[in-house]
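Protein chains: 2
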Amino acid sequence: MDTLFLSKTDLFRGIPPEDIESMLGCLKAATKTYQRGEFICREGETVTAMGMVLSGSISIENDDIWGNRSILDRVSAGQVFAENYACLPGEKLMISAVANETTEVLFLSTECMFTVCPHACGFHNKLIRNMLTIAARKSLNLSRRIMHTSSKSIRGRLLSYLSFQATQHGCREFDIPFNRQQLADYLSVDRSAMSNELSKMQRDGIVKVERNHFVLLESDGL
Amino acid sequence: MDTLFLSKTDLFRGIPPEDIESMLGCLKAATKTYQRGEFICREGETVTAMGMVLSGSISIENDDIWGNRSILDRVSAGQVFAENYACLPGEKLMISAVANETTEVLFLSTECMFTVCPHACGFHNKLIRNMLTIAARKSLNLSRRIMHTSSKSIRGRLLSYLSFQATQHGCREFDIPFNRQQLADYLSVDRSAMSNELSKMQRDGIVKVERNHFVLLESDGL
DNA sequence: GCCTCCTTGTTGTTAAAACAACATACTTGT
DNA sequence: ACAAGTATGTTGTTTTAACAACAAGGAGGC
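Protein chains in written order, with the working numbering: chain L, 31 to 252; chain W, 31 to 252.
Hints are computed from structural coordinates only; laboratory data are not their basis. One or more of the hints may lead you astray.
Identical copies go unnamed one by one, so any copy, or any two together, can satisfy a pair.
Straight-line alpha carbon distances no greater than 27 Å define the calculated DSSO-like cross-link-like pairs of lysine-lysine that follow [said to hold, decoys possible]:
hint, residue 1, residue 2
1, K62, K122
2, K58, K156
3, K122, K38
4, K182, K230
5, K122, K182
6, K122, K58
7, K58, K38
8, K62, K38
9, K62, K156
Since the structure is predicted, the reported quantities are computational estimates derived from the model, not experimental observations.
Based on the sequences and whatever the hints tell you, model everything.
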C-alpha cells in the first residue's frame, strides 16, 4: 500500500505514512480493482465501508424513474465516496458508482473509525477530524449547487454561478472548470439555451466570455 | 441547562444527562436568546461554533444577488445548524440564520469536539459519531433535493419527489410534510404551475391528490 | 354563525426554455 | 496537413413554465 500517496489525501492529511500503515489494519482496509463500466456499488444496495479511489476515476450516477442517467459527481484519485452511506448503516444508496476506466478502490470500514482504537492510534482523532472536514466541504458544495439552481431563469443561474466564481477567485476574471455541457448539467439547463443566454449576456455587456475564460463586467454592485 | 432535553437530541443521543453536563464545559457551551427577526449569523461572516436550537425555531436564508430572499431550511428545537461552517474555520457563510420567534440557541465549539478531551469524557467518541451521523443525514437530504430538481419539467420533479415518498413510506398512499407553496419552493417551481400540473396528472390517472394526501396509481413499474 | 385570512385550484397570457438541426471552430491522432 | 470526432454557437419552432388575476374552499377568531 502506497502510504505516501495516502498521506497526501484529504482523509489521511497530517498523518505520517508509518502511522497510516498501522491504521489501515484498524480500518479493515481492502482494495479491489474495477474495469471501465464496472459498478462499484449500485442504487438500492447498502454499504458498510466508504471508498477511496487510489487510481483511475469513477462516476456517481443517478437513474431517474424513466431510466435517464445523470452524472452527479466524478471522483478521482485520493478522493472518497459513499462515506455518507457508510456512516448511516442500512441506508439504501440513491446512486450508483461506476468506474470510468481501470480503477483501484480502497475500502475502509467507518465502524472501526468511530470506535476507540485498541492499538496506539495516536492519529485516530486526526482521521476523524479529516472525515468531518471532508463531509462539511461536500455539504457546502451541495448547498451551493442548490443555490445556483434555485433561480428560475438561465440568466439567474449563470449569474449566481459566475458571481460565486468571481468571489472565489477574488477577481472578476477567471476560468471555470466546466465545459459548456458540464456547466449546463450542473445548472440543470439545456446546453444550447445556455449558450444562447451567454451570448445575450455578452451583448448586454454583463459578461465577456471566451470558452472557459470569463470576465464579469462591473455593471452593478456585485 | 436541561441535559435531559439534550440527551434526546440527535447530537447527544446515547449520552446520559450527567455526562452531558461535564461535556458542555469541554465544548465551551454558551447560550443566547434571540427575538423574532433577529439574526443569529449573517452571510459573509465566519463562525467557530455550531448552534443548537434549544427552544423556538430559526430559518436558514439565502439572499441572491438581486436581494430576493429564499428560505433553505427551518431548524427547530433539538436540531443543529452551521455545523459545516464550524468544521471549516474561516469559511464564509453563504447563508444567514434568523430567528422565527423568541429562540434560545446553544453554541458549541467544534474545535474542542475534535481534540482529545482532557477530562474523562467517556462519551466523547459517541458525540463525534453522532456528529458524523447528522452530517451524513443532512448531506443525503441535500443530494436528494438536487435529484428531485434535476428534471427540467414540473411533472418530472413531482414524480421524482412523490415516488421517493412512496418508497420511504413503503406504500403508494401517503401524506407529505409540505403544503403547496412549500413543495413548490422545495422543487424550485411556481406554485400555481405546480398545482396545475398536479391536476393534469390526476386527469391522466397517474396520481390521486387531496391536499397533503397522495396516492400513486399503478400506471407503470414504479 | 360570520368574518377574515390563508391555502389551493383554475384560467389565460406572456415570456422563456427546451428541442432540433445545423454551421463553425477547435482537438486529437495519424 | 489532414481527417474524424468533439465542442460551441446560432437559429427557428414548439413546448412549457412563469406570471397575474381571480374564485372557491377551509381554518381560526370573535
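The hints, checked one at a time:
1. K62 <-> K122: This pair counts as within: shortest intra-copy Cα distance 22 Å, inter-copy 39 Å.
2. K58 <-> K156: both (18 Å within a copy, 20 Å between copies)
3. K122 <-> K38: Between copies only: 25 Å across, 31 Å inside.
4. K182 <-> K230: both (17 Å within a copy, 22 Å between copies)
5. K122 <-> K182: Cα proximity of K122 and K182: across copies only (25 Å, versus 31 Å in one copy).
6. K122 <-> K58: within (22 Å within a copy, 37 Å between copies)
7. K58 <-> K38: Only inside one copy: K58 and K38 sit 20 Å apart there, 32 Å across copies, limit 27 Å.
8. K62 <-> K38: Answer is within; shortest intra-copy Cα gap is 21 Å, inter-copy 40 Å.
9. K62 <-> K156: For K62 and K156, only the intra-copy Cα distance (26 Å) is at most 27 Å; the inter-copy one is 31 Å.
Checked against the numbered hints listed earlier, the structure breaks none of them; every hint is satisfied.
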